[in-house]
Amino acid sequence: MESPPARTYRAGSLDDFDQLYRDCYPRLVRTLYGVLGDPTAAEDCVQEAFLKAFQAWPHFKPVRPAPVWLHRIAVNTAISYRRSLKRREVTELLRRLGRPPAPADPAAQSESADVIQALAALPAKLSIPFLLRHYHGYSTPEVAAITGAPERTVRHRIEQAAARLQKALGAGWNETLPQPGHHGVVLSCTEPTSDA
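Residue numbers (this note's numbering): 390 to 585.
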């Protein structure tokens, strides 16, 4: 997936924040959907992340590009949400969580559910870098900036996630992860050879 075009966003500018929202909202929802496995929770976390970003917007310092800054806020929001879910009873989780939209094809539905379940079972420190790299096409340095981890750690976590997904889904897996309102995107367990 292609990154949004490089753009300068001015701190405190409502027009620029509105543009940032339009540029990043769909990508954030897809990222958090992959992390959480629940489209409703993903949208809720994205809305919460935008609220946090809006409150901090007048003081935004462009040390990193605004979309990277915003992804970091959203990822941290999703991590907090996942932690809160782990503290609840399983019955409470089943009652409150919505189910992802089912594909029309029953075989695709089963495969998609397996991929989502496998991704959701990964610790956030593994699933988030994997999704950002393979699902959104961020470079390793960009993933490092979003997650706050060194590049070497990011590469290691992506490799660990791919190995765990391969173990959970079978050797040579290449599945489709559905997106809310979309048919899906192909994820591959092979790490690209360059970040260019």
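No lab work stands behind these hints: they were computed from the structure. Quantities reported herein were computed from a predicted structural model and do not represent experimental measurements. Hints should not be assumed to be uniformly reliable.
What the hints assert, rightly or not - Derived DSSO-like pairs (lysine-lysine); straight-line CA-CA distance at most 27 Å:
#, residue 1, residue 2
1, Lys514, Lys450
2, Lys556, Lys514
3, Lys514, Lys441
What the hints assert, rightly or not - Pair ranges (Cβ atoms, derived):
#, residue 1, residue 2, range
4, Leu403, Glu437, 17 to 25 Å
5, Ser469, Ser402, 24 to 32 Å
6, Gln408, Pro539, 13 to 21 Å
7, Ala557, Ala400, 23 to 31 Å
8, Leu440, Ala552, 30 to 38 Å
9, Gly559, Arg411, 26 to 34 Å
10, Gln549, Phe443, 32 to 40 Å
11, Pro530, Ala400, 29 to 37 Å
12, Leu403, Asp433, 19 to 27 Å
Glycine included, C-beta positions come from ideal geometry on N, C-alpha and C.
Q: List in ascending order the numbers of the hints, as given earlier, that are violated by the structure.
A: 6, 7, 9, 11
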